[in-house]
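> So the protein sequences, as listed, match chains A and B. Residue numbering for the first sequence follows my numbering, beginning at 1 and increasing consecutively. Residue numbering for the second sequence follows my numbering, beginning at 1 and increasing consecutively.
Calculated directly from the structure, the hints in this document are not laboratory data. Beta carbons: idealized from backbone N, C-alpha and C, even for Gly. A few of these clues could be false.
Here are the in silico distance ranges between beta carbons for each label pair [as the list claims (entries may be wrong)]: (1) A145/A <-> P71/B: 50 to 60 Å; (2) Q346/B <-> A168/A: 40 to 50 Å; (3) N208/A <-> L200/B: 41 to 51 Å; (4) Q84/B <-> P301/A: 49 to 59 Å; (5) E245/A <-> P301/B: 41 to 51 Å; (6) E88/A <-> L200/B: 32 to 42 Å.
Derived coverage of chain A by chain B (criterion: at least 3 residues anywhere in the stretch with Cβ under 8 Å from a Cβ of chain B; other residues may be distant) [unchecked claim]: (7) 73-86; (8) 184-192; (9) 211-217.
Not close to chain A: a few residues of chain B, all C-beta gaps over 12 Å, as computed [said to hold, decoys possible]: (10) R4; (11) E45; (12) R55; (13) E77; (14) Q78; (15) A85; (16) S130; (17) T147; (18) E150; (19) G157.
Here is how the chains run, residue by residue.
Protein chains: 2
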Amino acid sequence: MAVRDLALVGTGLIGASVGLAARAAGVRRVLGWDLDPRARETALESGAVHGSCERLEEALAGAELAVVAVPVAVLAEQVSRTLQASAETCTVTDVGSIKGLVCERVIDRERFIGGHPIAGSEARGAEHASAELFRGATWFLTPVAETRPERYRRVMGFVSAIGAVPVAVEPRAHDRLVALISHLPHALANLLLNHAGAILVDGHEPLNVAGGSLRDMTRVAGANARIWVDIFMENAEELQAALGEHRRRVEELESALAQRDAGYLARWIGEAAAKRRTLLETAYPDAGALFRLEVHVPDRPGVFAGITQALAIEGINIEDLEVHHVSPERGGTLGILVTGEESAQQASDLLEAQGYSVITGPAFPEG
Amino acid sequence: MAVRDLALVGTGLIGASVGLAARAAGVRRVLGWDLDPRARETALESGAVHGSCERLEEALAGAELAVVAVPVAVLAEQVSRTLQASAETCTVTDVGSIKGLVCERVIDRERFIGGHPIAGSEARGAEHASAELFRGATWFLTPVAETRPERYRRVMGFVSAIGAVPVAVEPRAHDRLVALISHLPHALANLLLNHAGAILVDGHEPLNVAGGSLRDMTRVAGANARIWVDIFMENAEELQAALGEHRRRVEELESALAQRDAGYLARWIGEAAAKRRTLLETAYPDAGALFRLEVHVPDRPGVFAGITQALAIEGINIEDLEVHHVSPERGGTLGILVTGEESAQQASDLLEAQGYSVITGPAFPEG
């Protein structure tokens with residue numbers, strides 16, 4: 001069942017990464033095609049493909065699986081061409097961010113199975129490709145009624161072999177799901193930043209005095225307009241529905257505030273705390289055992305090394321790490337997650353012995 | 001002008017941290033009072049105060065500056081008591097998250113100057129106090145018409161001496177500002193998480209398949225209900241105004257989506273990209289020169305140390321660092337920001353030589 005001959009239709013960042021991961025997973029032959037001669041060349045140079053073809057048919061000849069990795073705007077058309085140019089034995093899948101339209105309009109519902117890896121990178125182009133891009137990532141697959149089990153197993157097996165976690169979902173449900181978990185968060189990040197940055201308050205530019213929460217909330221704001229305009233356009237209906245429900249929830253909060261309903265607010269925050277734990281459970285099986293160390297660090301080479309090395313020597317595993325960079329003159333704060341109060345205490349003692357000031361506490365305190 | 005005798009009214013996390021920072025900055029005598037005998041004891045044991053007093057008057061005797069650091073719900077009352085129990089020579093300030101009400105109702109507008117450090121910590125209690133908590137943080141001060149310049153200079157000088165950046169703003173404007181930069185982001189994080197976690201889509205729990213953007217956006221969700229209910233209640237009016245404007249912006253986006261207005265979406269994303277750069281300018285004076293490395297790392301002790309040490313040896317400064325933890329079995333992705341393409345290339349080569357797979361690109365790509 002394993003794929004031996006793979007065709008990549010489009011060898012940009014995602015296509016070339018699929019190629020590298022496939023080769024690492026032992027796929028015998030990977031051939032690539034791209035409209036852009038430079039992308040073809042880069043894919044060949046980086047080892048993402050065994051061969052780069054000028055004609056689509058060449059790349060597809062003998063392939064058991066073809067992965068279409070082209071921009072959303074030309075996806076449906078390219079999937080049709082790939083189906084037309086490939087043999088009956090070739091199963092075709094794609095990596096597009098939206099699945100409803102492409103799955104409904106596809107000319108061969110038996111041979112095509114939609115796909116979508118949740119593996120964003122701000123980098124673009126085959127030169128940034130990586131065999132590791134999909135490791136541990138959710139990879140949606142959208143089989144339909146006509147999908148043949150053996151074809152589905154082939155795509156699912158391939159996705160697993162390159163390190164991703166296949167998740168089957170109906171195409172329109174996929175679009176509803178990504179509207180919620182990806183497109184709505186992106187939209188809110190943009191909305192929040194444009195809102196907070198639009199006005200002066202008493203002569204103050206809000207963005208100049210903002211703390212960490214606004215920075216966290218807007219990390220994905222302003223991302224790659226060329227990609228995101230197409231995503232928002234193609235998933236407009238589902239995103240509108242999500243925004244409408246969001247607005248309804250905002251109104252509910254406004255009315256609780258107008259009534260000074262402290263009980264509502266407490267329940268609402270408590271609900272978010274419980275959901276935050278659910279969200280973290282996939283990443284941290286025992287989130288309640290996590291402790292957080294906040295360490296003030298100067299801005300110079302070697303500081304992270306000194307700290308992480310000291311913990312490594314004692315066998316303390318860093319579960320998560322983040323920096324709130326303040327400024328070159330003042331340094332920043334290093335947040336370190338470790339498991340267990342004992343490890344936290346040990347880590348804190350070690351770092352304080354190195355002269356750092358450390359604040360320690362449960363990472364996800366109750367209530 | 002420097003403060004020699006300081007009184008802390010409330011010695012929880014913030015009060016005790018002010019005490020530690022004040023002592024580090026050379027304040028001669030710090031006396032503390034707290035309603036809770038345990039907080040008094042902890043503050044004394046941790047060295048945050050020279051003495052812990054059972055009666056408020058004792059702590060205030062001889063103080064040139066009193067810092068009121070009590071929960072928002074009892075703040076106005078405690079400020080009044082502090083003004084009544086202290087001498088004319090004593091200037092009183094506070095650290096409450098909302099300033100309008102307390103500044104308007106205060107019984108002595110000459111001696112009281114409102115304050116608010118933007119230095120959140122999820123940890124609570126004097127045992128987590130740190131002299132470094134305020135380093136580089138914005139510390140709002142809210143002088144009014146009656147404020148005497150010499151009193152203002154005293155508070156401002158003290159705030160600077162303990163490492164914070166004083167920013168003067170009118171009390172109601174302060175509340176509008178924090179509604180935008182702190183309370184609205186917190187509210188949206190809760191709204192988003194409660195929304196995404198409320199439904200099953202085609203049998204799938206959205207939170208189980210969520211990627212990094214939802215995790216980033218909801219990092220502050222569900223935070224400390226005991227503190228945040230009071231903050232939302234006290235700043236209800238300004239937060240309602242911010243939520244109303246947010247709703248207006250959501251509707252505008254919905255209507256652009258309904259009209260499939262790609263031009264609007266491109267301008268809207270472009271605006272967010274520009275504002276994101278503004279937001280980062282305070283942290284990174286030359287954000288355009290920043291490059292990002294994405295490194296896939298296993299989940300075991302010593303990995304961070306190996307990586308950060310390799311960079312430190314070559315003199316490559318890590319500007320920022322974050323981990324997207326995937327799972328114990330699969331490890332996660334380490335994001336590293338460095339300045340300059342040359343450093344990025346050098347860092348990437350170093351890490352690839354160590355056997356890591358690295359994706360490199362501009363941290364904040366244009367467009």
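> Hint by hint, say whether it matches the structure.
Outcome of the hint check:
Distance hint check for A145/A and P71/B: the Cβ-Cβ separation is about 59 Å, which falls inside the suggested range of 50 to 60 Å. Against the hinted window of 40 to 50 Å, the Cβ-Cβ separation of Q346/B and A168/A comes to about 43 Å, which satisfies the hint. Judged by the Cβ atoms, the range 41 to 51 Å given for N208/A and L200/B holds: they are separated by roughly 42 Å. The supplied range of 49 to 59 Å is met by Q84/B and P301/A, whose beta-carbon atoms lie about 53 Å from each other.
The hinted range of 41 to 51 Å is satisfied by E245/A and P301/B, whose Cβ atoms lie roughly 43 Å apart. Take E88/A and L200/B: their Cβ atoms lie about 37 Å apart, and the range 32 to 42 Å holds. Requiring three or more residues with a Cβ within less than 8 Å of a Cβ of chain B, the coverage given for the stretch 73-86 of chain A is violated, as only 0 such residues are present. Using a Cβ-Cβ cut-off of 8 Å, 9 residues of the stretch 184-192 of chain A lie near chain B, which meets the minimum of three, so the contact claim holds.
Beta-carbon proximity to chain B at under 8 Å applies to 7 residues in the stretch 211-217 of chain A; the threshold of 3 is reached and the given coverage holds. No beta-carbon of chain A comes within 12 Å of the beta-carbon of R4/B; the shortest separation is about 24 Å. Non-interface status of E45/B relative to chain A is upheld: no Cβ of that chain comes within 12 Å, the nearest being about 15 Å off. With a cut of 12 Å on Cβ distances, R55/B stays outside the contact zone with chain A, its closest approach being about 30 Å.
Distance to chain A confirms E77/B as a non-interface residue, since its nearest Cβ pair spans about 18 Å, more than 12 Å. Chain A leaves Q78/B outside its interface by the beta-carbon criterion, the shortest separation being 20 Å against a cut-off of 12 Å. Distance check for A85/B against chain A: the nearest CB is about 30 Å away, which clears 12 Å, and the non-interface claim stands. Remark: the non-interface label on S130/B conflicts with the geometry, its nearest Cβ contact in chain A lying 5 Å away (cut-off 12 Å).
Under the 12 Å C-beta cut-off, the non-interface status given to T147/B relative to chain A holds; the minimum distance is some 15 Å. Consistency note on E150/B: stated as away from chain A, and its beta-carbon is indeed over 12 Å from all of that chain's, at 23 Å minimum. Distance to chain A confirms G157/B as a non-interface residue, since its nearest Cβ pair spans about 18 Å, more than 12 Å.
This entry does not satisfy hints 7, 16, going by the numbered hints stated previously.
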